[in-house]
Amino acid sequence: MATSAPTLRRSVTPWGSFSWGYSDVGADIFVGLGLVLGAAAGASNIAFLFAGVVYVCVGLAYTELAAAYPVAGGGQYFVMRGLGDIFGFIAGWAVLLDFTIDITLFAWSCIDYMSKLLPILAFTVHPWTHFWMVFALIVGLATLNFIGVRESSAFNEIVSGLDIASECAILFFGFVFAFRPELLVHTMQHYWPATPFNLMNGVSLAIISFVGLESISQAAQETQRPASVIPRTSISLILTILIFALAYSNLALGMQPSHALPLDAHGHEQPLWAYLGNEDNNGASVQVLASLVPYYGAFAALYVPVLGAILLLISSNSGVFGSSRIAYAMSQANLLPSLFRRVHPKFRTPAVSIAIFCGFAILELIFAALPSLSPGSKDVYARLFRGEDGITFLGDLYAFGAAASYSFVFLALIALRLNDPASPRKFKMPFNVPFTYKGARVEFPLVAVVGFLGIFSILFFVMLTHVIGRIAGPSWIVLGIIGYLAYRRYKKYPMFRSQSHDWRNQQTKILQEAGELELMDEYLTNLKALDEQRAKAATP
Amino acid sequence: MRNVVRSEGYARARVGIGAAAAVLGAITLYRTVASVGLKFEALPAYVLGAALIALGYVRWREYRAARSES
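Chains as they are written, first to last, in the numbering used here: chain A, 1 to 540; chain B, 1 to 70.
Among the clues, some could well be false.
What the hints assert, rightly or not - A few chain B residues that face chain A, going by a derived Cβ cut-off under 7 Å, partial list only:
| hint | residue |
| --- | --- |
| 1 | R31 |
| 2 | T32 |
| 3 | S35 |
| 4 | G37 |
| 5 | L38 |
| 6 | L48 |
| 7 | A50 |
The set of hints was computed from the structure by calculation and includes no laboratory data.
Ideal placement from N, C-alpha and C gives every residue a C-beta, glycine not left out.
Throw the hints in and build the complete structure from the sequences for me.
If you want it as structure tokens, here you go:
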């Protein structure tokens with residue numbers, strides 16, 4: 001008797017779905033705040049606002065698409081379905097770059113935060129100890145994900161809850177007792193960046209603080225009743241992340257610290273934003289800011305390093321989860337070899353993908369740490385990467401990968417609205433223009449156009465302001481395309497065109513497997529009506 | 001964990017936090033407008049206040065929907 005291949009199991013609950021997204025995006029501000037303050041100075045909150053508006057558009061697009069097409073793969077699947085196989089591969093490949101960097105970057109930052117309590121872990125003092133700790137974290141997370149999503153989902157759920165409670169407390173005390181709107185306006189007027197270049201640099205770094213929302217759609221195939229759950233959790237998540245990013249940046253510019261700040265290197269007084277954005281503090285700016293909040297700051301200083309480390313750890317965990325799921329989905333669509341879709345017979349997790357992408361993450365770790373582990377390689381790095389260290393290089397690529405894939409997702413959303421009007425959309429982006437296209441009534445999404453222009457401008461800023469990012473990012477894409485074409489040629493699949501896909505049957509199956517039987521019926525009814533409309537329109 | 005997030009107490013806690021967020025948003029908006037008026041520089045503060053109020057509204061709407069389902 002033939003047995004069907006093992007598939008991913010649906011065990012992610014509404015809170016689990018929220019936590020997957022939060023664990024990925026929520027930690028970004030811990031890394032991004034100091035970097036943006038250092039780059040955009042008094043315009044940092046504007047940089048976060050610009051990136052935040054784009055992020056809201058991205059979030060709404062993912063919400064609509066993930067609820068309508070609840071499959072593992074997220075952005076890659078939407079782009080493949082909307083624009084074709086090769087564009088689906090490019091979008092997925094860009095996201096894979098992001099997720100593997102996510103594993104390394106956040107595991108690294110996690111150890112940095114822990115080093116505030118355990119100085120033996122400080123990278124600058126004990127680089128080998130730091131390296132082995134990050135290595136152990138990556139291997140540990142790979143094992144956790146190998147065992148199964150239920151275990152790692154519960155892990156995310158608990159720490160996400162703790163972090164949200166803590167951040168709410170910090171922001172409550174900060175805004176109620178120390179926020180001065182007149183100080184905010186004064187800081188922005190006096191420390192506005194001298195050139196637009198600084199602001200563009202700030203915006204390109206600020207988008208780092210909003211990367212990862214697609215984790216919810218990556219987990220869609222394992223989410224219970226996804227069409228109902230995803231819109232609910234996504235909207236809450238979009239608002240929560242936007243609030244935290246805007247609140248921290250506004251506090252950094254407009255908060256009266258609870259005690260005097262140390263003088264700068266020249267013996268002058270320094271504003272709070274400059275203190276948070278300097279080289280000593282920008283790696284732990286959230287912790288420093290929290291410690292300066294009145295009444296609560298002394299307590300926050302004790303636990304925020306731990307909490308930051310935990311949150312960064314679960315963000316790293318989301319990278320393991322996301323990269324393995326997207327590779328699984330790409331392999332199912334014949335965009336990557338079948339090796340990536342092998343599911344462990346006992347745990348039903350994509351074990352091979354987990355091992356491969358954690359292997360990539362370890363290579364990135366070695367690359368990032370090498371200048372410190374081997375002082376001889378410092379000069380080579382300085383010459384080849386124009387002085388940028390390994391982690392900055394990874395940060396550039398992180399922003400590049402996200403902006404590139406999000407650009408394609410907006411185009412795919414527009415294409416799917418036009419070409420697949422029958423799929424029920426429990427959530428739709430607002431502000432749509434109805435018209436008739438190929439004999440059917442469709443709705444053109446105006447917010448998707450705004451989002452595309454926004455994310456494309458951020459991609460332009462990344463390329464303009466990051467010397468290494470504009471070389472390495474496109475190189476990753478080109479190398480991926482070469483590998484893709486070679487694989488498709490070897491397997492005798494169409495190289496530049498798409499394979500024939502039976503989207504109608506596939507969509508019916510997706511909705512059925514998701515338990516969305518009402519939506520499946522609605523889809524079948526819509527298809528019948530659509531065919532009749534088109535037949536009528538074609539009749540002279 | 002699963003039992004906690006499905007409980008009535010959890011739903012009430014969520015709507016309570018949402019209400020607190022909305023109040024904080026209203027305070028932020030009021031204080032910003034009262035002290036600096038309508039200025040471009042204060043735009044991120046207005047957006048923050050509006051987002052907090054929106055979060056409160058979303059939580060309240062979810063709570064209402066969950067109650068009507070049960």
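So, going through the hints one by one against the coordinates:
1. Restraint check, R31/B versus chain A: the minimum CB separation of about 6 Å is within 7 Å; hint holds.
2. Because the beta carbon of T32/B sits about 4 Å from the nearest beta carbon in chain A, less than 7 Å, this interface hint is met.
3. For S35/B, the shortest C-beta to C-beta distance to chain A is roughly 4 Å, which falls under 7 Å, so the interface hint holds.
4. A hinted interface residue such as G37/B counts as satisfied when its beta carbon comes closer than 7 Å to some beta carbon of chain A; here the least separation is about 9 Å, so the hint is violated.
5. Taken as an interface hint, L38/B does not check out: its beta carbon lies about 11 Å from the nearest beta carbon of chain A, beyond 7 Å.
6. Interface restraint check: L48/B against chain A, minimum CB-CB distance 4 Å, threshold 7 Å, status holds.
7. For A50/B, the interface hint is violated, since its Cβ never comes within 7 Å of a Cβ in chain A; the closest pair sits about 10 Å apart.
Going down the numbered hints, you'll see the structure goes against 4, 5 and 7, while the others check out.
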